[in-house]
Amino acid sequence: MTDLQRFVFTFFNVEVMARYLPFIVQGFLLTIELAIAVILTGLAGGLLLALVRAAQVRPLTWLIVFFVDLLRALPPLVIIVLFYFALPYVGVRMSGFTATWASLSLVLAAFAEEIFWAGILAVPRGQWEAARSTGLTFTQALAFVVLPHAVRLTIPPLTNRAIAITKGTALGSVVGVPEILTQAITGQSFAGNPSPLTLGALAYLIIFVPVVVLGRFIESRFAWKR
Amino acid sequence: MDALARNFFNVEIMRAAAPLLVKGLAMTFVLCLVVVPLGFVGGLGVALLGTVRRRFIAWPLIVYVDFFRAFPPLVLLIFIFFGLPFLGLDLPAFAAVALAFLLNTSSYYGEIFRAGIESVGSGQTEAARSTGLTRLQALAYVVVPQAARNVLPDLIGNTLEVIKLTSLASVVALPELLYAARSAQAITYNPSPIVLAAAMYFVLLWPGVRLLSRLEHRMLVSHR
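Chains as they are written, first to last, in the numbering used here: chain A, 4 to 229; chain B, 1397 to 1620.
Excised from the complex, chain A in its bound form:
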């Protein structure tokens, strides 16, 4: 065998790939499911926290700042390990999927809160005052005047953050979530050949290359005006 043949046989073994393709496809669907769930709950949680913070009630603000700082400082993998391996000791048991979803959602919520809050702060005071002076209540001014401005500003950083955290779904492999990476590693050890890993890598590229390119587009489209 030439070197090239050996390389192809090792990493692009068609026979092995065909055998493990169905598993990778299953993992692919689960990764997408997990990613969508994380993005929905994470962004909703972050928006909710930012809105609560806008009310400027001291103790609540402190709590939110503490939550945000904590989740921005801890590695996501540490949080997943805590949820999955430590919580059962106090009687809280959850599946690997739930642990990964909950951890990544919390991390995304923390980052999203900071971004939404920065967006709200970036809207000039005059907008608030004008909105209130036309008779809108605090909530109405927030919902109809400030948020629409703020959300536009927050789209590029939110997109980037959501992409980065969504890639963390691969961490689910550490707690046995049968997503792409788990399926690929299992396939590799059964086949004694790394072609399932190649297949898994391709599956990630299929999901994330379009997302990264979209992120690049959004960044140039909605860029902060300096």
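What the hints contain is simulated information worked out from the structure, not anything from laboratory work. For clarity, every value in this text was computed on a predicted model and none was experimentally measured. Wrong hints could be hidden among the right ones.
Rough simulated footprint, nothing fancy, chain A against chain B, three-plus residues with beta-carbon under 8 Å [as the list claims (entries may be wrong)]:
hint: 1; region: 1410-1418
hint: 2; region: 1438-1446
hint: 3; region: 1476-1487
hint: 4; region: 1563-1573
Glycine included, each C-beta is placed from N, C-alpha and C at the ideal position.
Given the coordinates of chain A, assemble chain B onto it according to the supplied hints.
Quick look at chain B alone, frame taken from chain A:
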């Protein structure tokens, strides 16, 4: 409440696990001292190559950056650690981690440096060039210092992310902080070591997170 204290904040177990965890923390430090400068230099290289306006350089560069930004870092690490040995390239865990981080973080740092260089108006380069500086001198003495200031929050943010990512090395059995904590948990049947490790990560990274928040807010205020 008692179960919580006994399982999560068990002082006795924490004290017993502390030496192992401190060793893990030292390994985390060493890892950071290797992968952060490596990614930084790699990123600078990527960004400087990006200033060359030649198609045969620009396009492969975009492909390189987007390719490695699209890969979850853990997937890259697993591929290098478990895949390459099949080619007879048996990398030790530390080298595999360093290589995976170099590929991943140099793309991120590269994008940040690129954004920084683009944030400096072309008039700056032109003015610098017209005073007789070479292209490289203009870049080094005029553009890069301003660029660095403009993207300082992003640089700090990315560095914090890289430090947090070093916890992935536990997956390939490199004895850093998270790996040490999980070993200690397995030995003691008590998750207090993981809580202690989380506390160590928090103490290590929290000042950076605070600093970043302040910088971001200051930038925001100055731009409004």
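Hint check results:
{"no.": "1", "hint": "1410-1418", "in the structure": "violated (count 0)"}
{"no.": "2", "hint": "1438-1446", "in the structure": "violated (count 0)"}
{"no.": "3", "hint": "1476-1487", "in the structure": "holds (count 4)"}
{"no.": "4", "hint": "1563-1573", "in the structure": "holds (count 4)"}
Consistency note: the structure conflicts with the earlier hints numbered 1 and 2.
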